[in-house]
Structures are given as structure tokens and as C-alpha cells.
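Using the sequences and the hints given, assemble the complete structure.
Just so you know, the sequences run in chain order A and B.
To convert, note that position 290 of the first sequence is 290 in this note's numbering; the numbers rise steadily by one, no gaps.
To convert, note that position 207 of the second sequence is 207 in this note's numbering; the numbers rise steadily by one, no gaps.
No wet-lab data here; the hints were simulated from the structure.
Given the structure is predicted, the values throughout are model-derived calculations rather than measurements.
Glycine included, each C-beta is placed from N, C-alpha and C at the ideal position.
One should not assume that every hint holds.
As the list claims (entries may be wrong) - Covered by chain A, per the in silico footprint, the following chain B stretches (three or more residues, Cβ under 8 Å):
| no. | segment |
| --- | --- |
| 1 | 86-92 |
| 2 | 200-210 |
| 3 | 354-361 |
Said to hold, decoys possible - Which bits of chain A does chain B cover? Going by a derived footprint, with three or more residues having C-beta under 8 Å, they are:
| no. | segment |
| --- | --- |
| 4 | 40-48 |
| 5 | 60-74 |
| 6 | 86-96 |
| 7 | 162-173 |
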Amino acid sequence: MNFEPDLKQYTMCSVLGSCFSDRAVVFLGKHNKSGNLVAMKNFNLDSMSKTDCQLIQDEIYNTRQLMHPNLIPYVTSFLDKSQLYVVFPLMGYGSCRDLLRNHFVEGLPETVIAFVLRDVLLGLEYIHNKGLVHRAIKAGHILIRADGHASLSGLRSMCPIDKRSNLHSLPLQSANNLNWSSPEMLEQNLLGYNEKSDIYSIGMTSCELANGFVPFAETDTTLMLTQKVKGLIPHLLDCTTCYPYEDNAADNGYQSEETIGVNAAPVSSVYTRMFTEEFHNLVELCCQRDPESRPSAPNLLAHTFTKQVKKLNVKVTDLLRPAVPLLKTNVAEISDDLASIGGMSQQLSDLDLLTYAWDFDLNDIDDIVPTL
Amino acid sequence: MMMEQREFDEDVMPSAIDDDEDVFKDLLNVPADWSANDCLSTGIFNSFDPNEVVYRVQKKPCKTVGKYVMGDLLGEGSYGKVKEVLDSETLVRCAAKILKKKKLRRIPNGEKNVLNEIQLLKTLRHLNVIELVDVIVNEEKEKMYLLLEYCVGGLQDMLEHSPGSKFPCWQAHNYFSQLINGLEYLHSRGIIHKDIKPGNLLLTLDETLKISDFGTAEALSPFDPEGICASSQGSPAFQPPEIANGADEYSGFKIDIWSSGVTLYNLVTGEYPFEGDNVYRLFEAIGKCNIQIPGFVTEPLRSLLVGMLKKDPKKRFTLRTIQTHPWFVCRHPRTSEKVPFPPLRGDFMHNMTVLPYLFNYHSCETPLDNEEEYITEQLIKDRPNGSTSVPIDDVNDPSKRPWHKPIMCNVKKMASCRLS
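What follows is the structure in C-alpha cells.
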């Protein structure tokens with residue numbers, strides 16, 4: 001389908017969220033001719049530094065270069081005065097981060113994670129085959145289409161890698177992604193890092209999807225660094241790994257307020273649920289300290305946890321309820337209803353109330369830990 | 001074995017003691033990476049069984065300046081120390097040039113040069129020019145911290161550690177072309193560096209060359225097409241004949257070309273084109289400009305060197321002629337082994353030196369770990385690189401899944417690092 005690079009061809013319906021460290025707005029737009037819904041990232045170039053512009057440019061360039069069902073497709077981008085619009089197809093469920101924030105505070109169901117991970121790994125395998133490293137895999141960069149299909153976005157930190165030499169420096173403006181970064185990437189020494197660093201991020205993202213928040217959330221960044229360098233492996237929180245406070249007290253001297261908080265909550269599924277041994281194993285494999293012993297993306301696709309997806313006869317969309325995707329049909333409904341009430345500003349605020357928030361980029365750490 | 005690791009000299013000297021220096025190390029409190037032989041050779045002990053000796057691990061107290069956590073010394077210049085630091089928010093490694101007002105006043109043009117450097121660096125942005133990340137001033141201590149991009153080392157250091165103090169052709173070509181790229185940017189901005197030499201060319205972890213030290217650089221007037229300069233404080237061996245002969249005014253662009261030529265000569269031959277017992281002799285030799293290029297330097301490199309080291313600045317190559325020169329344009333096959341980065345105090349990987357401080361800082365927070373840590377000779381030998389790091393937990397052992405330690409629940413809430 002042809003999406004024209006012209007603002008007049010689109011109608012802005014509502015604000016979906018923000019991205020790019022809250023300096024860009026994501027609008028829900030409607031392509032006038034076809035009636036298709038799109039997500040439009042709006043950057044005000046006047047307020048961007050040279051580095052910012054470089055990053056935006058890199059993202060567009062990288063997205064255009066790649067074509068895979070599990071990577072966010074490029075539609076078009078255009079300038080309107082000093083405003084840059086980058087158009088993407090609408091992903092009905094938004095990002096996994098949004099799902100966790102709005103509906104699955106204590107984590108997604110394991111089966112959904114298996115589907116999501118399989119999709120993400122297919123996209124990642126393609127990226128690695130192209131000789132690229134993603135460097136920013138996290139739940140906020142995994143988008144779910146209305147049919148439950150997951151694709152990887154956030155391609156601005158992507159970087160080509162030479163087979164002979166590793167990468168060494170942290171990507172530009174990576175401060176928001178540090179919790180997902182591999183220890184060897186954070187170490188910034190002469191050994192450097194390679195595509196196995198993405199596998200570590202897959203492990204961290206798996207924990208994030210299962211636990212509802214990323215490991216080391218709300219941890220001092222320097223403490224996170226020392227823990228990762230020492231080789232601490234984060235893991236899934238369930239009844240086999242998480243005991244109520246009393247059992248833990250004898251374990252070690254450092255007990256956190258967080259644990260007490262979690263324990264005080266009367267109905268926390270963390271202590272009753274149990275993830276499968278395969279899932280535990282996959283996370284453990286991915287989060288190993290030594291990058292060479294981590295499996296590759298194709299290895300992970302052959303792992304029993306991701307392979308089970310083929311045999312499963314369930315729909316991701318059913319498992320995601322009560323979350324509902326943003327679709328052409330239900331957006332039209334809302335628009336009609338609102339039209340009778342009248343007032344564009346009213347429409348916008350009402351749409352927000354219906355929690356159609358959509359975020360490309362997760363910025364505030366406060367949202368990571370569920371409020372119990 | 002690694003005797004140079006004792007940084008006693010700077011700490012023992014009373015003049016150097018101040019709260020920013022490393023803590024005074026008493027003799028029994030030897031560094032953890034010392035072996036028994038080190039102690040024997042210093043005469044502390046006469047004879048003993050190495051396994052009976054117990055060392056107290058050197059605690060590294062964590063200090064911060066602003067949001068930066070201080071690490072070990074990277075180098076020392078006439079202006080002060082350069083230490084490694086870590087940005088505690090972005091976890092990006094940086095280098096901090098620590099300048100003391102007292103020290104600066106004693107150096108001719110000291111304060112002026114520093115201000116000049118800060119002003120210039122703030123406006124510059126290029127892959128091959130060092131980036132000034134931040135400036136922090138501590139009025140109370142009369143100190144200034146220039147936070148720069150982290151570099152592993154300079155070309156000078158590498159040359160000193162390489163056989164014949166030179167680079168293989170392909171490696172020199174890589175650095176030289178990056179130098180010319182950076183220089184092109186500087187000259188396009190009307191900036192004359194005036195002190196191009198291997199010591200001022202630094203390399204990042206991925207071997208990107210960074211032109212550094214803009215203390216003596218000069219920004220030309222934007223309305224001066226000739227680029228006339230009238231002062232130079234650069235290193236004598238890299239000065240062009242016009243300066244050696246005492247000219248009052250000269251083209252600034254051409255002196256950078258000359259010093260880049262001397263730099264290239266130095267990178268490929270390991271020698272300097274002109275030598276002298278003292279500055280006067282040296283300037284005499286430069287002034288005459290009789291260059292002898294060693295026989296092993298073949299065309300087209302030979303003609304490039306000759307062109308860059310022309311006595312008459314007008315006949316000297318311009319950046320454009322260099323960039324189109326056959327030696328510059330052609331690809332050089334990787335024929336010989338690469339000259340690596342020299343290790344920093346025994347560490348070939350150039351690991352973050354801030355880490356031991358952070359380990360110490362974060363372990364101090366838990367009362368259980370607060371006790372002194374003791375290690376024996378055997379333990380030191382067992383450690384892979386002998387650093388003062390806290391022993392690694394068994395969590396890497398795949399047979400033991402650390403079920404009982406869910407870190408996501410257990411991580412303690414940290415106050416951000418203390419201010420020094």
C-alpha cells in the first residue's frame with residue numbers, strides 16, 4: 001500500500017505515548033485514503049541536538065534497510081516545517097512494557113512469553129545474520145500486533161559488527177537501557193562485546209516479561225554494574241525461587257524494603273506460581289557471565305521452551321485478555337461516540353482515559369516495579 | 001614482578017599528601033597483587049613460608065566528584081594528574097584531567113592555556129577530536145576537573161613498548177589517516193593545534209584516534225585567509241624550520257602539516273628526522289632542514305614525507321595533496337603483527353579501574369562484609385589477574401542454581417554515592 005509522505009494525508013486521532021526519552025510524541029494517526037491506522041512518531045527537530053538527529057537518522061536508516069516479519073516495518077517519513085514524522089504501522093497491543101504496566105503487573109503468562117520470545121528470536125536471528133547487533137532489546141522495544149504477532153523495534157542503537165573485532169563502547173544515550181545491557185558491554189574494556197550481548201538482553205527481557213519488572217530495577221546503577229561483573233545471574237520469580245520473608249532472613253544480612261513490601265501484599269502470585277523448568281533453563285543459559293557459553297539465536301529457537309510454540313493450539317490474543325488491541329473497528333466506534341459529545345480536546349483526553357497508552361521507549365524506572 | 005605497582009613515591013612525599021591522593025599505604029598493608037617475592041626483595045621479611053603470610057586486602061575508599069566515581073591514575077602531565085572516572089548515571093568510562101590552581105600558577109601561561117583549551121574543546125565535535133564531556137570546578141579545593149572521553153592510551157606509549165619503537169606500515173597508515181581527518185576538521189574550523197605529536201594522539205578502545213591537548217591551540221580570526229600565527233609553545237622536536245629560524249609570523253596551517261610529517265616519520269621509522277643534544281642544536285638542525293630518510297622507507301611513503309617536510313612552507317604539502325597522495329589513498333595489507341596497547345599496571349585488558357572502588361563501596365554497606373578481608377599467598381596465585389577484586393561468587397557454576405538468593409528481591413536500596 002502507498003502511504004504518502006505528506007501530513008495532509010493523515011488525520012491525527014490521539015496521543016499514544018512518548019518515545020525518545022520523552023522528547024518525541026507518538027500519535028495515533030489515520031491514513032485518510034485507506035482508513036488504515038498508523039503510529040506516527042513526531043520529533044521537533046529544532047529542539048534536538050546533533051547527536052539526537054544522528055540517532056533519529058540511524059533509526060530510520062536501519063529500519064528501512066531491514067525487512068523481516070518480526071522487525072518493525074518502515075512505512076514512510078517526512079518533514080513538515082521543523083517537525084519530523086516517522087510513520088509506522090499500528091501495533092494494536094502496543095509494547096510489552098505497556099501490557100505489563102496496564103494489565104500484567106506481575107508478569108505475562110508463560111505461554112505468551114514463549115510466543116513473544118520465539119518471534120523476537122526470529123527477528124534477532126535475522127539481524128545477527130546481517131552482521132548487526134541490536135544493543136537495545138527490552139520489553140519496551142517489543143511491539144505486539146493486534147493478531148498477537150510480536151516484532152522488534154528500537155533499532156537506533158543497532159550497529160554493524162566485524163567478525164574479527166568486537167565492539168567496545170556503549171551505544172550513544174544508552175542510559176535507559178543499562179539494566180538490560182550485558183556485563184561485558186558495561187565493562188568497556190579491550191575484550192569488547194559482540195552479538196552474544198543481545199542474548200544476555202534476551203535473558204533480562206525474559207525476566208522482565210515474567211516478573212513484571214526488569215532485574216536490577218530501582219537498583220543503584222553502580223551496584224547493578226558490580227553485581228553483573230561479579231556474575232550474578234538474575235532469574236524468574238516464582239515459588240521455587242522466592243520465599244516469604246521469614247525463610248530469607250537467615251539467608252543473608254541484606255534484606256530490602258522491597259522484599260518486605262512484596263511479602264506484605266496478601267495475594268501476590270509470585271509465591272504461588274511456578275514457571276516450567278525449561279523457562280528457568282532458558283533464562284539461565286542467556287544470562288551467563290561468559291558470552292561464549294551463551295547460546296546463539298538459532299540455538300535458542302531450537303530450545304524446548306521456544307519450540308513448544310508450534311505444538312500449542314492457543315491464540316495469543318485470547319491469553320492476553322483483558323487487554324484488547326487498538327483496531328480500526330474499535331477506534332472508529334470511539335471516534336463516533338466522541339463526535340456526538342463533541343470537541344477534539346475532549347476526544348483526546350477521553351481516549352487517554354481508555355488507557356490506549358502506547359509507548360515505544362520506557363523512560364521512568366518508577367513504572368517498572370508494580371505498585372502493590 | 002610488577003614492582004612499579006607500588007605508587008609509594010607520590011604518597012610518601014609530604015607535598016603530595018592531600019585528601020584527593022590515594023590513601024597512605026603502610027608497609028605491612030601491601031597491595032593484594034604483591035607476591036611473597038616482592039616482599040622478600042624489599043627486605044620486609046627474611047624468610048617465611050608463603051602460605052603462612054596473610055595479607056590484608058587493600059580497601060579502596062570510593063570517592064566521587066559530582067556524579068563521577070574516581071578510579072586509578074592513568075597518567076600524569078605537567079598540569080596535573082589524569083584519573084579514570086565512571087559516570088555513575090550512564091556508566092560511561094571517562095578520564096578526568098585534574099587541575100590544581102596552585103600548580104597552574106607556577107606554569108607560564110598555565111591558567112590561560114587551560115581556559116583556552118576548555119573554550120576550544122566546547123565548540124569542537126568530530127570523531128577524531130577528543131570530546132570534552134563535562135567541567136567541574138571545586139572552588140573550595142581550588143581544583144578543576146576536565147572530563148574527557150576515555151582513551152586507552154597514546155601513540156607515544158605504544159611506540160615505547162613496541163619493537164624498534166615503530167609501527168608496521170598498515171598500522172601507521174590507519175592512525176595517520178585518522179590524524180589527517182581530524183586535522184582537516186580543525187583547520188576547517190580555523191583552529192591550529194600547534195602541538196601535533198604521538199604523545200597527543202590518543203586511542204579509544206576501538207582504536208579511534210583522538211587529537212587531544214588543545215592547551216596551545218589557537219583559533220584564527222575568521223577574516224584571516226592566510227592563517228597567520230605569531231606564537232608557538234609546542235614540543236621542540238616537532239617545530240618547523242620557520243619557527244626554529246625565529247620567524248615572527250608564519251602560516252599556522254603549515255606548522256600542523258610539518259608536525260604531522262614529523263609524527264608520521266616517527267611512527268614508521270621509530271626515529272626523529274632531526275636530533276640535537278639540546279634545543280639550540282636541535283633548532284639548528286631543523287633550521288638547515290637536511291632530512292635523511294632511512295633506506296627502508298620506499299616510495300610512495302618517501303615522497304609523502306619529503307613533501308610534508310619541505311623547508312619552504314609554501315612548497316609544503318597541503319591537506320588536500322596529502323589526502324590525494326598515493327600512500328594515503330592506497331590500502332595497506334596487514335603484513336606484520338599489530339603493536340598492541342601496553343598493559344596498564346599489568347592489566348592487558350584495561351579493565352575499569354573504578355570497579356574495585358565500587359566493590360568496596362557496595363560491600364561496605366552490608367554490616368556482615370564490613371570485617372577486614374584477609375588473603376594468603378595461595379589465594380593470590382589462584383586469582384587470574386591478581387586484582388583487588390572481591391572473590392567471585394559461585395553463581396556461575398551451572399550445577400548450583402542460586403535459588404535461595406533472588407536478587408531482584410534482595411537488592412538493597414542504595415543512596416547515591418557520597419560526595420567526597
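Right, here's what the structure says about each hint:
Chain A is given as covering the segment 86-92 of chain B, and this holds because 6 residues of the stretch bring a CB closer than 8 Å to a CB of that chain, at least three being needed. Coverage of a stretch by a chain is defined here by at least three residues with a beta carbon nearer than 8 Å to that chain's beta carbons; for the segment 200-210 of chain B and chain A the count is 3, and the condition holds. For the segment 354-361 of chain B, the assignment as covered by chain A holds, since 4 residues bring a beta-carbon within under 8 Å of that chain's beta-carbons and 3 suffice. Three residues within the 8 Å Cβ limit are the bar, and the segment 40-48 of chain A against chain B gives 0, so the coverage statement is violated.
With 0 residues carrying a beta carbon less than 8 Å from a beta carbon of chain B, the segment 60-74 of chain A misses the three-residue requirement, and the given coverage is violated. For the segment 86-96 of chain A, the proposed coverage by chain B is not satisfied: 0 residues have a C-beta within less than 8 Å of a C-beta in that chain, short of the threshold of three. Counting residues of the segment 162-173 of chain A whose beta carbon lies closer than 8 Å to any beta carbon of chain B gives 5, which meets the minimum of three for the stated coverage.
The structure is inconsistent with the numbered hints 4, 5 and 6, although it conforms to all the rest.
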